[in-house]
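Engineer: Residue strings, one per chain:
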Amino acid sequence: MTQITPDIVREHGLSEEEYARIIRLMNREPNFVELGIFSVMWSEHCSYKSTRFHLRKLPTKAPWVLQGPGENAGVIDIGDGDACIFKMESHNHPSFIEPYQGAATGVGGIMRDVFTMGARPVAMMNALRFGEPSHPKTRHLVSGVVSGIGGYGNCMGVPTVGGEVNFHRSYNGNILVNAMCVGLARADNIFLSAAKGAGNPVVYIGSKTGRDGIHGATMASAEFDDASEEKRPTVQVGDPFTEKLLLEACLELMATDAIIAIQDMGAAGLTSSSAEMGDKGGSGIELDLDKVPQREANMTAYEMMLSESQERMLAVLKPGREAEAERIFKKWELDFAVIGITTDTKRLVIKHHGGVVADLPITALSDEAPVYERAYETQRPKSGQPKFDAKKSVTDSLVKILSSPDMCSRRWVWEQYDYTVMADTAQQPGGDAAVVRVHGTNKALAITTDVSPRYCKADPFEGAKQAVAEAWRNITAVGARPLAVTDNLNFGNPQKPEIMWQIVAGIDGIGAACCALDFPVISGNCSLYNETNGEGIHPTPAIGAVGLMANVHRMATVAFKRPGDAIILIGETRGHLGQSIYVREIEGREEGAAPPVDLAAEKKNGDFVRKLIEDGRIDTAHDVSDGGVLVALAEMALAGNIGAEVGVAGETPEAIPFFYGEDQGRYLLAAPPDVADKIDQEAEKSGIVVALLGKTGGDKIAIAREGEVLLSKLRKAHEGWFPAYMSGEEVPLTN
Amino acid sequence: MKARVFVTLKNGVLDPQGKAIGHALNGLGFGAVGDVRAGKVIDLELHESNAEKARASVKEMCEKLLANTVIEKYEIELKA
Amino acid sequence: MKARVFVTLKNGVLDPQGKAIGHALNGLGFGAVGDVRAGKVIDLELHESNAEKARASVKEMCEKLLANTVIEKYEIELKA
Amino acid sequence: MKSAVVVFPASNCDRDAATALEQMTGSKPHMVWHQEKDLPDVDLVVLPGGFSYGDYLRCGAMASQSAIMRAVKEHAEKGGAVLGICNGFQVLTETHLLPGALMRNADLKFVCRPVGLEVNETQSVYTRKYSHGERVVFPVAHGDGNYFADDETLNRLEGEGRVVFRYAEGDNPNGSARNIAGILNEKRNVLGLMPHPERVVDPLLGGTDGRKLFESLIETLS
Ligand SMILES: Nc1ncnc2c1ncn2[C@@H]1O[C@H](COP(=O)(O)OP(=O)(O)O)[C@@H](O)[C@H]1O
Ligand SMILES: [Mg+2]
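Chains as they are written, first to last, in our numbering: chain Z, 1 to 735; chain G, 1001 to 1080; chain R, 2001 to 2080; chain B, 3001 to 3222.
Misleading hints may appear alongside valid ones.
What the hints assert, rightly or not - Straight-line Cα separation of at most 25 Å, BS3-like style, residue types lysine-lysine; simulated pairs:
(1) R:K2010 - G:K1010
(2) R:K2064 - B:K3028
(3) R:K2019 - G:K1002
(4) Z:K208 - G:K1002
(5) R:K2064 - G:K1073
(6) R:K2064 - G:K1079
(7) R:K2079 - G:K1002
(8) R:K2064 - G:K1002
(9) B:K3187 - B:K3002
Unchecked claim - Chain B regions said to be covered by chain R (calculated; three or more residues, Cβ under 8 Å):
(10) 3013-3024
(11) 3059-3068
The hints are simulated quantities; they were obtained by calculation from the structure and are not laboratory data.
Don't be surprised by glycine CBs; every beta carbon is placed ideally from N, CA and C.
From just these sequences and the hints, can you work out the full model?
Structural biologist: Okay, here's the thing in structure tokens:
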């Protein structure tokens, strides 16, 4: 067996101190297989060693939370015995190396996290960040990532109903591909990963093991440099067909009571699945690698333990139920093998070719994994309000903003995803939150992903708070009650004190907002070391959120429905232009303070709006976010193909800050004048800032004293950029 | 001059398509079929009569576009 | 014995993929590229040592499954 | 009307088809696994959308070789109704129950969006409730819907009134020959189409234009 040298230890991403800790825990030097196992289990990706300490601060409980962080995904109670299971996860590094397969396997991985708990996936989301459009790699990456997400999700027959796309130079060398999966299960039939009890068979299900992505988990925890494109490990290729069979087979097995524990094989495959199951169940696991279905000849124990071949699961069954399970997996033409047994030793014992090749205490891999309270250096958040040229045309700016890469329509993206399969998509991409009916009922889930990285860069605390608030607001804007959050914390190198500060402040911001909004975090994922040549990405704590709507027929959409409706602005407008889209796109500067979020006002305004929708008084609502009031208004007009006449209202007489400021906690509503008047009065009585901006109608947006612009012109601007940019796309060569 | 380019997955890279085809062929009663690998073939017409130059140019096409060298390898065949 | 099967579109059947590849190659500055056609290559391992029999069997596979003879034609190459 | 939905490995609109059928007919269809050799006694067989066998090799190719397809062929030969939607249409061309082939979309991309269709033919058990030339909107969701056949076949299809649905002028999502979206076999009992009528029977989901297709079937087959 390979001699372990300091170089080998380093190549495994372990520090000298960590290696010394391993020796202490083992009471001897590890062998090569054991070193490999430690390296993946102690990687940032699996151990959360830099963030664990801070993640503890997040609120994770509420009466409706059935399962918080710690399992494959979080679970909430949505009434009537139904449960909703969801999680978001990153596949950033693999997608940069091989965009199609990286994104596809990201989708496959997050789906397994959800269906391993007994849920049928019912909706997918994706939050994508690419480098600037002019960067030579960007177009190719966009093309590959989007077709990879579609290629996998479409084949699975799960609708991809929304997401986000941003472009910024901070992602030039480090794109972000975060995928979220939402599933439905019965609350009394949820599967966990604790392999309780000794003497139970450990079974392997799904695809055969090959030499795929060995060291993917350690790679995801290391910085890139220019040489790493050469040092790539074998990239995993996704097989959505097998995953679809695996999904159906697992759900069929889960309808029996044969399973004690089940867990997908994600990063670090067999190693992390077996160690985690043993750890959670307080038991030991003994595996015989000769029994593992193998795709390639002469695989070593090291390779098998570290392989990241996709579409695989590990389960612990009740003794005697193997044949029943095998019958199900054979029907679905999947590999099935009993590869081991649970023990009472709390050790992970790996046998190969008749000998023991690894034998280590499971707690050393989990509980005893290092946790770092890394040093951080508090920076001063950006402050101040940027200057602007008050003479610029408000309407010309609108055209320009709507056709900018970050603000234009994402139709080019979502039309490559099947968003209507499963016949429950009540609100398609293009609205505030996707709405997916719970099959066979009248209730529905509202789903969104949000974060504004430019705010987080300027002020990680306020930016992270804002991400949560915006997600909450998007769910509210369709008329649903926000229930819980999953997060995907994408940051740079935590060993740099200024980055560590972003992480700490970001987590604090999420915590503050989630507490105030009663919006617990039930699952999440950290992706650190998103840096290239020492340059970190914008801090990007993406928030995925789910809400519940009791009656899907009482739902609001962004589209104007009728001419003659009054347009109501809920929430206070101060004209905050710091870090705004306006100043970036029109003045060409990224400047000023991130907009602060007043969480109390946020909650008050949102609860007010939601009630109006629930009561069937409002069917048209849109939250005000990127680009401010005028952009939100234009989106509503375009969606309904009905124009509007509006003017500045309230105490901010200046047009540019009024229309383009990004003050938080605001909504635009539209309703017939009599309804609107009542709402106006009720809002004032409740102490909610409210203003009537004008009315819907016509084929243009007309702004008092500022001019007008035709919807057709706005539409061309809004729909034009993405297809035009991508027309230079290379062909996606598929079979 | 004509060129034929074969683009196939590198050894060790999972080939879901080949796997499914093999499985289907077995199911159809072709028991003698073992491993199956699927790939692409691209036929190019080139306005270039110098074989040396043609090959160099096709190689560049493969590297730049035709093959995804992260997971695929390629072979080039030239015909006059 | 090994067999390599080429499945390509019949002449006259439009080939969007080939066309797109040609277009992209031109766009990348490969001006000398004329017509491009894209097809599939399928490599089969056969537990059969008799070439005659192997060919007959692969032909049947092509007719039954590997090619859609409404739009595609196929060629078979055997290697020991 | 009694109906069955065939389920291939990685069919994924089987549930959608079943839900629509149940909603429209009031009774649940039989779900038939591809390895079955026989069909239950039904009036209508639906081959649903999806990615049977991952759509590897060619869409619908491997599914066309399934055991159940022999029974589906017999059902069709006896005049029974067979409706192939999306992947089901691809299976029908691969089985040669319908002529031509469905190739990769002209722009090589998967496309999901509502498309305008024209009901081109009402002389069929599938479309008698529509009026001739009626404009409807069904969603499409496919990567390989580009209908191809030689000119002779296309002329014949048109001459015999077998082109049932066409994409509205300017709304062809895939480059399909002569804007063809759905065709009948010679006996007019087998329909294949790329757009999804089963996804537009519920007003919540963006329209009810697909209802008349099922109502036509119910009226004729019940
Ligand atoms: N990657 C994507 N996939 C699918 N839909 C997307 C994607 N990116 C954006 N969308 C959709 O486009 C719309 C606009 O996105 P965004 O501007 O981020 O919305 P919001 O500001 O309401 O969060 C949303 O409906 C969103 O779901
Ligand atoms: Mg929104």
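Engineer: Hint numbers the structure violates, sorted upward?
Structural biologist: Of the numbered hints given earlier, those the structure breaks are 1, 2, 4, 5, 6, 8 and 10, listed in rising order.
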